[in-house]
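Chemist: Sequence:
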Amino acid sequence: MVERFHRQFKAAIKASADSSNWLEHLPLILLGIRSMVKEEVGHTPAELVYGTALTLPGQMIEPVASQHLPDPAQYVHRLRTFMSHLSPAGPRQQNVVSHVPKDINTWTHVFVRNDGIPSQLRPPYSGPYKVIKREPKYFVLDIGGKRNTVSIDRLKKAFIEDDLHSVPSVPRTGSPTPANTTDSAQPRHTKSGRIVRWPARFVQVFRVSPNS
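Under UniProt numbering, the final residue of the sequence shown carries the number 212; numbering is consecutive throughout.
Keep in mind the hints are simulated off the structure, nothing from the lab.
Note that the Cβ used here is the ideal one computed from N, Cα and C, for glycine as well.
Hints may contain errors.
[Unchecked claim] What follows is a list of derived Cβ distance ranges for each label pair: (1) 53 - 6: 20 to 30 angstroms; (2) 59 - 26: 49 to 59 angstroms; (3) 60 - 24: 18 to 28 angstroms; (4) 117 - 157: 21 to 31 angstroms; (5) 33 - 60: 16 to 26 angstroms; (6) 80 - 2: 55 to 65 angstroms.
[To be verified] Lysine to any residue pairs mimicking SDA-like chemistry, simulated, CA-CA at most 20 angstroms apart: (7) 137 - 150; (8) 14 - 34; (9) 14 - 28; (10) 146 - 127; (11) 146 - 111; (12) 156 - 112; (13) 156 - 192; (14) 133 - 117; (15) 133 - 157; (16) 133 - 158; (17) 137 - 157; (18) 10 - 26; (19) 137 - 147; (20) 102 - 154; (21) 157 - 126; (22) 102 - 53; (23) 156 - 196.
Given only the sequences and the hints, what does the whole structure look like? Please build it.
Modeler: Here it is, written out as structure tokens:
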């Protein structure tokens with residue numbers, strides 16, 4: 001049975017207009033095989049599986065009477081009239097708000113966004129580069145020893161070591177002195193009455209003198 005189906009399937013592929021691209025013809029070929037009546041059983045494979053025949057594409061379209069067919073000349077005239085009255089659609093008005101950082105005029109070094117089609121491991125920004133000249137719409141940067149003009153939309157501030165401000169340390173009111181750990185080693189009682197003894201090597205208590 002399988003070999004018979006293979007022969008029928010192979011013959012149907014060879015009968016198609018383009019047998020090399022047989023995947024595109026596969027749905028139509030399978031529909032024809034499943035809708036063909038088998039002589040030995042008198043039924044189609046679809047009737048044996050689903051209990052009813054498949055609806056073919058030709059059965060979904062009702063035939064149109066010849067007297068209702070439109071005149072090709074009238075159809076072309078109406079189509080040309082319709083196309084001549086079409087007007088081009090205007091561009092959509094968009095209010096694009098460009099965000100410019102307030103401290104952009106104080107930037108000394110910047111990163112430049114890499115536009116174009118990125119590779120798999122290409123970083124999104126390159127740099128940092130030194131700012132030579134500032135303009136309202138672009139910056140002149142020192143890239144590889146050459147002056148390059150780059151739009152401010154592609155720039156990102158670079159925080160270098162000179163721009164980092166050290167956070168002032170908060171003075172300590174007193175130096176902590178390790179307290180006597182003998183009290184912490186004393187047994188403690190839980191709510192259930194269980195005695196817990198913490199090893200002295202795991203407990204270290206610091207006390208700060210209020211007068212220091």
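Chemist: Take the hints in turn and mark each one as holding or not.
Modeler: Verification of the supplied hints:
1. 53 - 6: 20 to 30 angstroms: Cβ of residue 53 to Cβ of residue 6: about 24 angstroms, so the range 20 to 30 angstroms holds.
2. 59 - 26: 49 to 59 angstroms: Cβ of residue 59 to Cβ of residue 26: about 21 angstroms, so the range 49 to 59 angstroms is violated.
3. 60 - 24: 18 to 28 angstroms: holds (21 angstroms)
4. 117 - 157: 21 to 31 angstroms: Because 26 angstroms falls inside the window, the suggested range holds.
5. 33 - 60: 16 to 26 angstroms: holds (20 angstroms)
6. 80 - 2: 55 to 65 angstroms: Holds, at about 57 angstroms.
7. 137 - 150: Since the Cα atoms of residue 137 and residue 150 sit roughly 9 angstroms apart, the hinted pair holds (cutoff 20 angstroms).
8. 14 - 34: holds (18 angstroms)
9. 14 - 28: holds (13 angstroms)
10. 146 - 127: holds (14 angstroms)
11. 146 - 111: OK: residue 146 and residue 111 at ~16 angstroms, within 20 angstroms.
12. 156 - 112: holds (6 angstroms)
13. 156 - 192: violated (61 angstroms)
14. 133 - 117: Violated, because 29 angstroms separates the two Cα atoms, which is more than 20 angstroms.
15. 133 - 157: holds (15 angstroms)
16. 133 - 158: Answer holds: residue 133 to residue 158 is near 16 angstroms, not above 20 angstroms.
17. 137 - 157: Distance of about 15 angstroms is within 20 angstroms: holds.
18. 10 - 26: Holds. Residue 10 to residue 26 sits at ~11 angstroms (cutoff 20 angstroms).
19. 137 - 147: holds (16 angstroms)
20. 102 - 154: holds (16 angstroms)
21. 157 - 126: Roughly 12 angstroms between the alpha carbons, so the hint for residue 157 and residue 126 holds.
22. 102 - 53: With a Cα-Cα distance of about 74 angstroms, the restraint between residue 102 and residue 53 is violated, given a limit of 20 angstroms.
23. 156 - 196: violated (58 angstroms)
Checked against the numbered hints listed earlier, the structure breaks hints 2, 13, 14, 22, 23; every other hint is satisfied.
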